[in-house]
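Participant: Going line by line, the protein sequences match chains A and B. For the first sequence, this note's numbering begins at 1 and goes up steadily by one. For the second sequence, this note's numbering begins at 1 and goes up steadily by one.
Incorrect hints may appear among the rest.
Said to hold, decoys possible - Lysine to any residue pairs mimicking SDA-like chemistry, simulated, CA-CA at most 20 Å apart: (1) B:K231 / A:R468; (2) B:K171 / A:E628; (3) A:K361 / A:V320; (4) B:K154 / B:V173.
By construction, these hints were calculated from the structure, which means they are not laboratory data.
Okay, here's what each chain looks like letter by letter:
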Amino acid sequence: MKKLLFLGLIIIGIIFAPSMFTNPRDLLFRPGANSFSKENRSKITESQKWEYLKVRLMPKGGKAKNVPKFQGPILVSLENATEEQRVLVGEVVQEIQELLPNKRMSLFKDHTGFTPQEIIDSVSNSSVLNDFFDLYSESISITFGDKPSPNTDYIRASKILYPRINTSVLSDSTVIKRSGTPLQPVSEITGTILCFNFSKESDSLKQKKYIKYEILRSLCNIQIDDRIDNDISNPIKRLNRFQYLLNFGKGVYGNSGYYPENYEITEYDTFLLEKLYSNTFESQLKEYLTQNYPALYVHNFYHVHWVKIFSEILALLLGVIIFMISLSALHKRKFRFGLFNYLIPILLVNLSILGLLNMIKFLQLDYLMSFYYRNFMTGFFTSVLFVSLLQSIFLWAIEHFVVKKLDNFVFRLGLKVMITFLSYVIPYYLISWFSYGYGEHILMISLIIAISRGLYIYLNHYSESITRKKDLEISQLKELQLATELNSLHAQINPHFLYNALNSIASLSKTDGTKTEKMALSLSDLFRYSVNRKGEKMATIQEEVEMVHNYLQIEKIRFEDRLEFNIEVDDSLEKIEIPRFILQPLIENAIKHGISKIEDRGLIELQIERKQDNLMIAVSDNGPNFPEGLVSGHGLQSVFDLLRLSYGEQASINWENLPKKKITIIIKSNTET
Amino acid sequence: MKSYTTLLIDDEKLARERLKELLAGFHSTFTIVGEAKNGNEAEKLIRELQPDIIFLDIEMPGKNGFELLSKLSELPIVIFCTAHEEYALKAFDTNSIDYLVKPVKLDRLEQTVRKINSLKNNLTSLQLQQVIQEISQKKEEKKMTSITVKKKDKIIFIKLDDVSHFEAKDKYVSIYTNQGEELIEQSLSKLEEKLPEHFIRVHRKYLINSHFIKDFQKYFNSRYLITLKNKSQTSITSGRSYKEQLTNWMKL
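Extracted from the complex, chain B is given alone in its bound form (with noise of 0.2 Å):
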């Protein structure tokens, strides 16, 4: 049986006690030759130990676990441990990588174990890349619920399920729900990127929310005619340049 070389990389020190006690068990596998509690400390130690395995904490304050991989030239074997189960693939079935969710328990552990074990190295860093890419973004979606409006000396906070539609006026944007009309500085383009998918940009100067679709019948010109389920029941032509979103929309 190969010993390999491991670090361990968590910020919490109380992670890295338990990590090191359980592999206390496995001692003929791993040996262990640093911890790091951060992400600069890990790049330090991993340049100057070349460990075979890194067991990775994937949120650090700093630099968190994908952005320290992507610092590195060579890539160890990695380990990812995070508390958020809801980062796991399947594609971690497929041997190349392993992802343990915390706390860490000892039989999942052994699983981890038999895995390296069986390892074939052709590993190769572009598919590490593809996969470190597909789990980063999972983790970025995270899900804007709300939106903040400021106003003269207090904050309000509307609900995005509230939110009927949102119109670009002259210097501001306007955001309406059903409780009536407020502004928010930014820009519809900014919204359309961080919104959640069913925010759909109908024109130029209108985001509109398409659970609270009504209605939609076509007009003329390649527009359409959106009708929304609010209080006010507003009508909103659609552009022309923005048709593809729309019909991408229906399909759905």
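Only chain A is shown next, with the shape it has when bound in the complex (with noise of 0.2 Å):
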């Protein structure tokens, strides 16, 4: 029970710590939200342009730390311009190195001394204006016309990731084709590619105005964020909560969409280029973040992929540490109330997924909002709780009233492996808000629990089993053990033979002195290894043998010409060890069943050899046929149970009246000590 306990308290820790450490609202709604607290509204604060800079260059989200900007000096190449709007550029191009005191921008022809026609011209003659196509290659390209000149398809830009014009019709009639901010994310800017056709409307100041916005654009790349991007020329639209950062809106860089007509260049504009193209943007900003932005997302944002790593590490460390724990607290526990031995252990792996999944997600602040943002704990408690009640009422009733009744055991495990499968996917698909978010992982998970489950079961079954059959083992052998202590106290050899034997000296002992004196010894002798006072279970074949011809020869000395015999064994089995005593009652078998039954001369023949690396110990004799299934005696069962609790399957036991009364047992190589 304790340990269920601190089970419990594990897993409801893992699913609040989140909420603890960090207020989560500040991570989703608000980061650097403190720039914007009402103190600072009214002025203009250094982390409030940080925050400008990061809304405007960063993808939502935060998480690519590379920005594009032009890594080369930024060149304005013209094509197609009169004096004058050359000389308009130039002034335009002047203001804005202001701006950027760490870059070199000017003029194309006034940096490389030609014009990009001219150094197009000449890529084809010579080789020495070819750093000088790559320049211009790289430029932000101005033409002065109703469509950017043919010279523009070299702009690097153009080739890859503008895949369309993005045009712009102003009031006072002017068109202005730009190339705009790429579709995918890029690693630089590699030039950009405008066009104005300004109209008779239009004056110098105003065509300054137009160009000026144009070419700052093409410094850096915007993202669109539907926070902050509102249609500024709509005021009808509905604020939403962030419109308070309504500054942003009127700066060159406030919005995504592009609106050189009315536009300031605003003190977040001048922030945003001199930190992007300063030499040591990246420091600026990583020192910013760490300041005002929790470890978490500082993390997320500069080791995207160590922070997945970390979280999936311990979240499985996490997940076997429970697992652990609770299956020491669980295994063979059955509760009195049925329900909840299904009830419990789901509510464990409901809460701890669950759990974990969710740890994974906020760690890699990457969660729906609304699992924070509503009221979480009792939504989340009562709906797990409600979910998993339903599982286990589902199969606990199948298992009770339909699994219970099967005989075959894959059956059972199949049927309890699949309705596991199912507990877990038909609620997903029911209820769907019972997913909360992880709705991919569903399938593969139930997967994962209904095998998980099946390979428990599986596993408990078989050692049950084996831990059965190895009691039974030990208590057969055990039985075993104390028959043959048992035995040998009275000695194995049959006690009729005893006295036949003692019979038989007494008679002798008037009329054969020496003999009588032999056959005392074999007597003693036979004794002294049936007592078997070392208790030894072995013995070698010599040994054996050995008892056998002992025996045979007292018995030889009772029934005269009646018995013969003939031991033939391989020398080289000699020393290879055998249970003890198991010939000896194959041969007290043909001498009780076969040679005193007839009148004639008897003959037992005992053969050892090995054949096809088999072990073959044959013992035949010239007595009535083996009998038919019944049989009398404990002789030959107790050479079966000796072979089978010495051997298993690798011995067996044969006998047949055809084409010789022979009975053999077959001890396969391998066994042998």
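Grab the two chains, each in its own frame, and use the hints to assemble them into the complex.
Facilitator: Here it is as structure tokens:
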């Protein structure tokens, strides 16, 4: 019970921990929200400016740290420009240059000494101008006219990432065409294409304004953000909660749409440019984030991959710990109330899985807003409890009324696995909120749960049956051992044999003293062997055969001519060990049921040889056939038991009446000691 | 004292020698006229020599002692000699016949001699036959302890004590133990004859080991529902015609 409580605490801890260490709302809704606290709203603070930069330059969620910008000098190349227009652009370039102290920015011709046309024309002729060609291909190309000059095909950006030209028609009918922000993330800015078709109405002031806007916009890629981007020309649109960031709206970079007519170069804009093109941009950004954001956010920002690995490994470790504790707490425990046998494990599984998944998502800053935003505690627990209850009732009912009736273990196992799987999959499809956003994993999780349960049941069953078998074997062995011990106390040899032998000795003593002595000594050897005081279980073939030889000699004195015997043993086999007393019952049987039943000469043959790598022991006699079915006496039964307990399935006994009456023991070779 | 002509019948030479030696001490009572080493020889000699007394071994190859006696038209005085003392019956104290356990001891033989001298010759063949029958039946009751099952290339020995029941199926009979099931060729009726008394036939198809009976309930139509205490707790319904066997067993 204590273990279960401890377990419960761990799981609840995991589920609650995220909200204890961080206020999720901070991370979700207003990263860097402090920047916009009431006191700060009226003035423009440094962190506000950073926020502006961050929101505009980095994709939502802030996971990309690589902000694209111009790598080399920023060159503006002109095509189809009048002298007047050239001067205009030159002025703009100068003004912007002042905003970028660290970056070289100028007109293409001023920087290289050539016009684009000249560069392009000369490419085929000489290689001297090739470097300039590269510069051209990464420049901001401005064409004056109704469409971009064909030379712009060489601008690198045009080929790869700008499938269409973005056009704006201004209120004074000026048409501006631009290549715009790439649709996919890029690592650096490699040129822009601009095309101005000024209307007759626009004056040079306006034209300069437009040109400046477009060039400024070309210097960085502005991200689209629904929270902030708003069509500022449509004030009727409903304000969302971020509208207090309206300060942004006016700047060049305030909106991801293009509004070259109504803009101001705000402090935010200049800050953005300055920081972006500063040499220490990366480290400054990092410093800002570290100081103003929770550690979790910063880690996700800079080390997304490691955070992912860390969170998954942590979840795995916790999962394993929970699993082990619950296994030791619940293993073989039967609750009095049958339903609990299902409810408790299911609750544990559901809570831990959901808790761990939630933990992973939390660490990776990847979760549904609703999970924490709504009244998560009560909702979460009651719904999990409710669904777990349904699942356990379902499982309990089916297993109690259907599965229990089946006899076959494999069927029961298969059925249990299947309905466990179903008990997870069905609720998911019926109750959509059960998924909690983990829906994509549900099939895999259900499968894992079902298969694990199946494995657990199977292993349990298997180990139980092994234990039972072992217990049975042990008790059988004990029985046999006891019987053997008892037997050896009384000497395994048939008491009648003793009577007969002593009778014979008594008779002999009058007539043949030497023979009497020999027989008495043989008998004493026989008994010493059979008493087996050391309790040894095996004997060499040589020892066994010697004993049999003694036995036969004693019997021969009783039967005289009626008993002949012949022993053949391969020399190479003499040292091999076989169970003790395995030969004597066979010989005794041959005499009792064979020789003593015939009037004439009886012959007993013992043959021990190796055949095809197996050890073969054969005893044959010329007496009446082996009986069918029932046998009396324990001799052969004890041989059979001894073989089975010593060798298991590796030894067998067989008898036949044709062509010769013979009983054979075969011991397979790999069991020889 | 009368002297009796005596024939010694025993398959073992040493036994005959010993008896001869012992009887030599009573040479006034016994005159040994011959020795036979098996049933056939004995029959011949008895017919030829007509001895008064025969010392007869029971276990002999070919014709055993009893079979020999059944062949004789006239019975002499019989003194059984055997190594199996379990065949001794109280009946022998009634002076009709005697029974010597090998190895024969002198003082026991003296007792026999005395008995012979006080014998009343009212020995009727019928009485003798009866006693002989009793002894021979007791002898035949060799207790069966195991049953063999022949499998492909080996034989399995199953202790009867481990057998819970037999069931007759189409062509074979199944024998059940806690280790499992095996098939044997004998029929239930044959088994019923040969198996010890604690195996009862309760149904045309079933022969059970009464030592395994756990539960015994009355059922419809003179039947009984028997539950065995084997691993699978087998339940067997008895047949109507076998009711008597069961009630007999119950009384025991």
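Participant: Hint by hint, where does the structure go against what was stated? Just the numbers, ascending.
Facilitator: No hint contradicted; all consistent.
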